[in-house]
Structure formats: structure tokens, C-alpha cells
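*Asks:* Given next are the chains, with one letter for each unit.
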Amino acid sequence: MDLTLKIWRQKNATSKGKFVTYKVNGISPNSSFLEMMDILNESLVVKGEDPVAFDHDCREGICGACSMYINGRPHGPDKAITTCQLHMRRFKDGDTIVIEPWRARPFPVLKDLIVDRTAFDKIIQAGGYISVNTGGIPDANAIPIPRANAELSMDAAACIGCGACVAACKNASAMLFVSAKVSQFERLPEGKPEAAERGQATVAEIDRLGFGN
Amino acid sequence: MTELNSKIPKGQLAEKWTNYKAHTNLVNPANKRRLDVIVVGTGLAGASAAASLAELGFKVKNFCYQDSPRRAHSIAAQGGINAAKNYQNDGDSVYRLFYDTIKGGDYRAREANVYRLAEVSNAIIDQCVAQGVPFAREYGGLLDNRSFGGAQVSRTFYARGQTGQQLLLGAYSALSRQVKKGNVELYTRHEMLDVVLVEGRARGIIVRDMVTGAIERYAAHAVVLATGGYGNVFFLSTNAMGSNATAIWKAFKRGAFFGNPSFTQIHPTCIPVHGDFQSKLTLMSESLRNDGRIWVPKNKEDAEKIRQGKLQPTQIKEEDRDYYLERRYPAFGNLVPRDVASRAAKERCDAGYGVGDTGLAVYLDFSDAINRLGKNVIEARYGNLFQMYEKIVDENPYETPMMIYPAVHYTMGGLWVDYELMTTIPGLYAIGEANFSDHGANRLGASALMQGLADGYFVLPYTIQNYLSDQIRVPKFSTDLPEFKQTEEEAADRLRKLMEVKGKQTVDSFHKRLGHIMWEYVGMGRNEAGLKKAIVEIAKLREEFWKDVKITGGMNEINPELEKAGRVADFLELGELMARDALIRNESCGGHFREEYQTPEGEALRDDQNLMYVAAWEFTGDNTEPRLNKEALDYEFVEVKQRNYK
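Line by line, the protein sequences give chains S and L. The numbering of the first sequence is the working numbering, which starts it at 1108 and goes up by one. The numbering of the second sequence is the working numbering, which starts it at 3 and goes up by one.
This is chain S alone, in the form it adopts within the complex:
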């Protein structure tokens, strides 16, 4: 496949960015989106140009590092997958693809497609946990938990913290991220004692950090 890429380039947090157009040729439809980016970067390095910086790590869709805004959607055209799981067979030969970083005030751009998401860590630090220390815990089967509750808790707990919800929202709201954590614990007896405080503390933190609503 031959493709035209319009990629956001920005030297660092303080400089102004702009779109730069690149061509990549002979891409296999079986390669992943990030492998296509690797091929572009390899060619840029050979030419002595600065490769496009982007966050990525596990490339299995679970670590939440990758974060590209592709043709106007976080993680591209497919539903419920990350950029690293997107494959080039979803595009057509000759397509033009526009690639941007997450755009949200609490996620400042650090370079090219890399943004700073420490705001998400701060939300969890504000109260997104159950206050237990290591050790001295009763047997794991001491409190039975209805299977349905455990499953609903797991549905919420599966959030990978990538920030796509914030990027997708015009107001850069982090409500989905917070509600996932709050409802994971709300469904479990262990999480009940602090449920109200947890909700208040994390919501106060998203306001403080400048997320929208």
C-alpha cells in the first residue's frame, strides 16, 4: 500500500507545531499502524531527519501508552482497540491519513505525538484506591461476592488509562476515566467503606487539573 501521512510535528512543549506531509510506499496490509510508523521513522533516520516521536510500549493493546488521533478519532476507525492493534488492512491503497496527538489542556504536548498524561496518575493519587496496607488480610474467600457484581466490577476495571475518552470529548472531560475507577470499587464490598469519599476526592481533582465536564 502507498499512503500519504499528514503528521503533527512539534519540537517540544513550548514550540509551535505544524502538520508535515510524508509518503510511505509498499506497506503490507498485515502490518500494524505502529509498524507502519516504524517504517516511516526508519526511513527518516536514514535520511538524517528527526523521526516522529510517539508513545508506545506493549503493542498488545493493554498498557495504554499509544495515543494517536487518527483521521479525527482517538486510536483510529475501529472500536474498542488501541492504535497498536489497528492494522493497515483497515485503510485503502492511496489513502491520506491525518495523525495528531491527543488534544486536551490537561494533556500538554511534549513532542510530536507524545503528550503528558500525569494528570491521570494525579486523579488516582487523589483517592482512586482502597486504603489497605500490605499484610494482615483475612482469607480471600471470607467475603463471597456475587458473580454478577464481580463481572461488572471487572468491566469497569478493564480501563487501560490511555486518555482516549478525554481526547474524544470536546470538553476534555475525564468523567469516564474517573467513573470506571469509582464503579470498579463501588461494586465490591471491599470498596464500599470509602465509596463516597473516593467519588468526591477524584472529581475534585479532575476539576483542579482543568479537565472539562
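No lab work stands behind these hints: they were computed from the structure. A virtual CB, placed ideally from N, CA and C, is assigned to each residue, including glycine. There is no bait here: all hints are sound.
A partial selection of chain L residues facing chain S, derived with a Cβ cut-off under 7 Å:
#, residue
1, Ile77
2, Gln129
3, Leu144
4, His276
5, Gly277
6, Lys282
7, Thr508
8, Thr554
Fit chain L to the given chain S structure using the hints.
*Replies:* What follows is chain L alone, placed relative to chain S:
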């Protein structure tokens, strides 16, 4: 040869850890506040250790190269975590978990460490449930279990196919709570470049701020490395792209011994390689072997037609399929340990029965399980894995069998540590995959999560106090000491040297070439001639790298090419040590298969007379060969046998 003191407590196996805890030195609460500990890495081992130490009152600094501690590669572990709860009433016990682990490791791990691991396994499950980890449950509300390779009981706890994610988020939440309380200072996007020794003790680290490029110094009374494994030396592996060996390799070069570097786990169920552009391999959880049956065509002609696309696997009749694991290992069948399953797959493919367009794949077939249990049950158990497979391969595994092939997944080797998890550098600890201690020559499934959390929650917080109790009069260290200045200059010089090569070939191209050498000669099957060749080739490649690597950008900015170059430079040294270690181990054990040493049936043939030891390698200089030290393994409590999964 240096005398290695493993500090194993005296007494009966089941009493060692209890006795140790009863008699070890502790630090009182007022003194804990005055003691600093650096933890490098925020995976299961690092995050659980940092959180637990901070809860006790120590002042902790925790570093990771990722943008958030929650992204450490433990997050990608799928299948589960073992514990000896015996909730299924199927005959499990601490002893049996210990025994399975020792046997699974092919009698190349320490009895005392492994017993302790099994002993604390139950507390891990309690801990995680209290943190709000939503493990799978039965309808009655109690915890569910599944089976894993190398065991005849169901002792694996799981949270769908995302167990690592849920356990890591549990440890991350405990860590976040301590950050809020001010007991942990978190340094994300910071990569450790070296460890600083003052008067022979580990007293700090040098790191690079990956955003500004600044080289920084941090001091502490003790340093804990929880930086994971080094499977990326093979370029293609199931590790995260950033997983690297730099922290443990620099520790090695400062005097920490490296234990069994050649012990690498090749995981049997990964998605096969599909092209030269490929950047990493994806694991399909071992839990799939609970319900999937592994086979290749019985007839070479059928395999040939499948490779050419003229025949579909679903067209092969039952009697024309070779379920080779069930055939060779009737007792364990598809649930043999990973090393056995991987070698069996390689054997069939090498013999010409492989499938897929490359011939380097075997089938993992769920049709029987779907017929028996229904699609819904299979979907509930493995839905996310099937979806991931379909995204990558573009085939529906509910309708056509999955294709799998072995891939590098885990490194049992790592920094040599004693019973207290301390390396040969006083005050420097290694926990989780970064150490060598618990898995011998092969790790069983669902035991990596167990070990990471055991070390971090329940072992290190005790053992480190035995060292720190002696340090309470030592004031906080200044990073102005000449040792810090000098180590920082050395780290910065190395980066400058890399930037100044200004050659023609990219970092990735060198990494790929190293990976080819490693996979070809230090991979699933090894032999003397190949290993000798690898040692020469790696040295040549290393020389070429330092003459011709091309790194764009500058030092004082985000520069992924420079980050990769530093890591690959270390892999180019570590790879050679792995080959040397594999060469002196004239036997086959666990994941280490030397083609010269096998039984007539093709099983691993150990040499317990001469090789029942841990190879602990010592750095002697950049231009001299490393020195081999040996820690003899005494099996006091189990009878050493040839592994038998038939």
C-alpha cells in the same frame, strides 16, 4: 572463584522462612523515616515493593521509563497467578506448589527460595482481593480457578485474560496512595543509566530525564532493581518495546554477579511471525491450552497443501491430525510445561509438518471445546484473546483453528541474589524477573506474577530491614560525593560517544541483526559450534555498532533513537554472556536445550553430577572474559529425578 553465600536459613524446609522472620533485625519506626530506598521499576515487583516499604515508613523514590507506573509490562500478563489455596479441594498444598515449581524448573532453582515463594502465595491472593482486584468468581461468590501447564491441580486465579493488568493496577493503587501521603516520590519518564557505589555499597543511581535529557543523581541507603527481564535481546519477543537490560547490566558491570544468563523461556503459544517489518510478538495466554488442542497434519502432503493455501485445516479429518502433545505426553497432554511444548512444536515444524505460509506454525484448535461447552462459555473464558488474535491475524478463531508458534517470553536468568534478595553488591537488591532466583531453568505458567508480588509485598520488606538496621546511623547521602560525580560523568560520556559515532546504520537494524544471531544460535536449540559462532559474531557486530550507528536528534530532548541505542549497546554485551553461559552448560535442562544432550526420545538430558549449580558470572573488564563462579544446589528435601510428563 568467589565463595557465594546464599544465606539460606538452617532448619526444616517449612520452618526456614518463619525462623528467618523471627530472628531477623528490624528497624524501629522512628528510624525508618530517616532511611531512603530507591526502587527502580514499577511493575508488579517494583510497585508492590515501593508501596510496602513506604507503608512501613521508609522514604522511597520510585523510577520508571514509562509515562506512568501503571504501564510497566506486568500489565500485559494474561492468564493468571498461582497460589496454594486448595480452594478446589483437589489435593493442592504449599508443598505441592513448591514441588511443581522445583520440578518445572528442572531442578536448577534453590529449594529454600522456592518453598518461601509457595508459602507466601496465599497471602498474595488475600492482599489483591482486599485491594479490589476483581478476580473471576463462581456463582456462589467464591473465587474461581483454572489449570496451567506443569500442574495437575487448578490453582490459578485470574481476572479474564487480563490478570497482570488487574494485579498491577492493585499494586499501582497502593503505590498511588503512598505518593499522596508523601512517602513515595515518583519519577516517570526517567531511565536508570548506572548504579553508584560508595565504599563498596550501593548508594544511589544515575538517571536520564527522558523529557529534558538531563542526567541526574539520586542517593539512598539501599537500591532495589525491579527492572524486569531481558528477552528483548532477541529483538522479537513478547516483551514491551521499551523493556531492557540496562539497569541490571550496569549493576553487573559494577560487581553484581549475573545468574544463569542463558536460561530463557520460549513460550509455546504466540502468534507466528508474519514479516520483516514486524516489531514484536504477541502472546496468546497459556490458559488457552486448558481448552485448545494442539495439532499438525499427520501427513506431510497435507501440511504442504496447507502451506500453499490449497487446503484448509477444517478439511483435515480427525484421523489425519496428529495431536502430538497428547500422543507424546498422555498424562499432561496439552498442559505440559512451556519448554516441553515449545520444543515439541519446533520438532514437528522442523520435520516438515508445520502450517501457515511460513511452515513455522501449529494449530491450537477449540472446535472440541466449543462443541462440548458451547461458544458462549469459550467466549466468556477467552473472548478478549480471541478478539486480539482476530485483529492481528484477520481470521476468526471460533471458526478456524488458531495458529501459534513459540516466541521468547521470559528470562529465568538475572542478577544473582541470596536468600535476602541482595546481589553481590551490599545494599543492592534485585526482585521479580530481574533476579535469577525462583524458576530454575524453566518457569511454570502463572508463576511470574506470583514471584513479582511475593518479592515486593512479602519478602523484600522483611529482608531489606536486616541490612538497613545496620544503616540507621548513616546520615543521608549527598549526591555531591565524588563517586556520584564520577559515575554521572561516565554515563554522560557513554551517551556522548554514541551520538558522536555518526555512522550510517540505524539502531533498529543492529538490534534486528543481534536478534537473528541470538535466535539462530542461542534460541530454542543450541549446540557448541553455534554458540562459539555466536560469541564471535556478536563481538563483531558490537564493534560495527560503535563504528557505524546513526542516531538523529540531540541529547537534551526527547530522543527515542538515543534511548534505543543505549539499550541495544547493552544487549550487544549481554548477548555474548548468554552464549558463554549456554556454552559451559554441557547439558539440557528446562528451556536450555543443547542438541548434543538429549535422551533417545528427544527429551532434555541433565548432568546432575557436574552441572547442578547456579552459574554466577562476574564482570572482570571490558576486554577480558567474565569469570564463572558456582553456587552448588543442594537438594535436601526433594528427590532429584528426570522430569516426566508422560
